[in-house]
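Colleague: Taken in order, these protein sequences are the chains called A and B.
Residues 14 to 297 (the working numbering) are what the first sequence spells out, left to right.
Residues 14 to 297 (the working numbering) are what the second sequence spells out, left to right.
If you're looking for bench data, these hints aren't it; they were derived computationally from the structure.
Fair warning: there could be bad hints in the mix.
Copies of the same chain look alike in the list, so a pair counts if it works inside one copy or between any two.
What the hints assert, rightly or not - Cut-off 20 Å, straight-line C-alpha distance, at most; resulting in silico cross-link-like pairs (SDA-like, lysine to any residue):
no.	residue 1	residue 2
1	LYS63	VAL87
2	LYS212	SER84
3	LYS81	PRO278
4	LYS277	ALA77
5	LYS81	GLY161
6	LYS277	SER84
7	LYS81	SER179
8	LYS81	ARG175
9	LYS81	ARG178
10	LYS108	VAL57
11	LYS63	LEU142
12	LYS277	LEU55
13	LYS81	TYR176
Protein chains: 2
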Amino acid sequence: MTVLVFLDPARPDGRIADAAQPQLMVTDTGITRGDGIFETMLAVNGAPRKLQAHLARLATSADALELKVPSSDVWERAITTALAAADDDGELVVKLVATRGEPEAGATAWVQVSAVPVGLRGQRLSVLLLDRGYDSTVAQRAPWLLMGAKTLSYAVNMAAVRYARSHGADDVIFTSSDGKVLEGPTSTVLIAQVIDGVKHLITPQLESGILPGTSQGALFAAAREAGWDLGYGPLVPEDLFESDGVWLISSVRLLAEVESIDGKPVTLSPELTAELSGLIASVS
Amino acid sequence: MTVLVFLDPARPDGRIADAAQPQLMVTDTGITRGDGIFETMLAVNGAPRKLQAHLARLATSADALELKVPSSDVWERAITTALAAADDDGELVVKLVATRGEPEAGATAWVQVSAVPVGLRGQRLSVLLLDRGYDSTVAQRAPWLLMGAKTLSYAVNMAAVRYARSHGADDVIFTSSDGKVLEGPTSTVLIAQVIDGVKHLITPQLESGILPGTSQGALFAAAREAGWDLGYGPLVPEDLFESDGVWLISSVRLLAEVESIDGKPVTLSPELTAELSGLIASVS
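The whole structure should be built from the sequences, with the hints applied where relevant.
Modeller: Following this line, the structure appears as structure tokens:
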């Protein structure tokens, strides 16, 4: 069952709507132009995880698109309304969406709460490295490319995953045209290196135009507390093959082990996976 | 007034719906992922212009996205239904949209007929050259980037136009990271060169990853008949400044003269504009 709550100036706590009925106009620029932003988070026991990080990234995405969206407290109230209506003390997916709305009206914004898809977790992933087409410096000189904003224009991300699946793989790690490791279509890349007994957790640097991962951020904070050394790229594909573990991390699937890249095995470390999974599970 | 006709297996001629009411589910992947395709064309006296070219491009876009959409005859019947309902013998905008629909259901597809926006035509454009981030060879090696497909994921196109407007310009000509002229966010680039009395009409080559322009295609056919020489890039920004005329062409705005690029004037030719406008007006 899906719970739907629209953000509505007339209803401070949000307006519950029927998710099984059509609720959007065909002229909404969210659909006609993919012109909007979103966040997806996990709620456990009725509490959304990393809420402030998601709301902060939503605000950053809105700025990149020059999109006026409701303030964080309005989102929070609507999320509370939706989770109360869902009335489920297990795990739920909470999705926030804001579109530019209809021409000359305001943004369309809603919170959607639904079940976690079955079979999403625990799978070891075979991934393909696919060229994202951009070089790793373009984000800084071309703000109109909206790198680092989480927009509704995800057709390329979806096409990349389809391409991987039709070529026998599960997921994708994008690379830049200058050969740097970027991110997954819906996840952040992590590698571990254990050097002289010191555990290093490394992710590509944000300046390469990737999305700032809320799960990566939370895991890094927890890993630092646990004694890990942290690092930020640049990473190249060689680094993945020479690492002591490669993962894709995201808010709902959480930590997913990569077992092969372009058909070549990468090091699996059940111990490091268990440790990092424990750390990300502890995030609130 | 907007007329809306959904393509519906139960209604061979399409199902008329109220465009003033919500008609789409919030879970449609067209909205959640920008995962769909579209076409926009002009209808004059109740007849859509370049219908077969638009339907052919829609089919190409669908192939690129591995999206199953209704066949051309189904689209044609729905277009006929929509134009009959609009009952307007002036000019109308006809938009075709197909999304991947809801997870595990089929595509959502509709025809929308609405008025031509006022003030759209006749304006001389100041444009900015903006880097599209891709090099001009990426389309051929990275099909997952969906270059040449007209998808609903237009957030970057819209952001580029906003960037231009906030910097005092009207529109954008995208360039590739290797310095080639590509296309406008919603138009095709054309230049004219008159050499020894022979008129040349030139557009960037398709292989650079641009959308095949239906208006450019129709104009090229008409111009050839009228004695023009035709050419296909590669073009670089220098070519724009050294030309005898630069235009952006699209299905609804038609031929728009470019009067400056990055603040520098380009040659205006009222005669060539009048001749080319006459040729594109004659297209059916």
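Colleague: Each hint should be assessed against the structure and marked as holding or not.
Modeller: So, going through the hints one by one against the coordinates:
For the identical chains of this complex, LYS63 and VAL87 are intra-copy neighbours only, at 17 Å inside a copy versus 47 Å across copies, given an alpha-carbon limit of 20 Å. Proximity of LYS212 to SER84 under the C-alpha cut-off of 20 Å is found in neither arrangement, the shortest distances being 39 Å within a copy and 57 Å between copies. With identical chains, the CA atoms of LYS81 and PRO278 are never at most 20 Å apart, being 46 Å at best within one copy and 35 Å at best between copies. In this assembly of identical chains, the alpha carbons of LYS277 and ALA77 never lie at most 20 Å apart, being 38 Å within a copy and 28 Å across copies at closest.
Taking the closest pair of Cα atoms, LYS81 and GLY161 come within 20 Å of each other only inside a single copy of the chain (18 Å); across copies the shortest separation is 31 Å, beyond that limit. In this assembly of identical chains, the alpha carbons of LYS277 and SER84 never lie at most 20 Å apart, being 46 Å within a copy and 41 Å across copies at closest. Only between protomers do LYS81 and SER179 lie at most 20 Å apart by alpha-carbon distance; the minimum there is 16 Å, versus 39 Å within a single protomer. For a Cα distance limit of 20 Å, the shortest separation of LYS81 from ARG175 across copies, 14 Å, qualifies, whereas the shortest one inside one copy, 33 Å, does not.
For a Cα distance limit of 20 Å, the shortest separation of LYS81 from ARG178 across copies, 17 Å, qualifies, whereas the shortest one inside one copy, 37 Å, does not. In this assembly of identical chains, LYS108 and VAL57 lie within 20 Å of each other by CA distance solely inside one copy; the values are 14 Å within and 43 Å between copies. For the homomeric pair LYS63 and LEU142, neither the shortest alpha-carbon distance inside one copy (29 Å) nor that between copies (40 Å) is at most 20 Å. In this assembly of identical chains, the alpha carbons of LYS277 and LEU55 never lie at most 20 Å apart, being 32 Å within a copy and 51 Å across copies at closest.
In this assembly of identical chains, the alpha carbons of LYS81 and TYR176 lie at most 20 Å apart only when taken from different copies (16 Å versus 35 Å within one copy).
Consistency note: the structure conflicts with the earlier hints numbered 2, 3, 4, 6, 11, 12.
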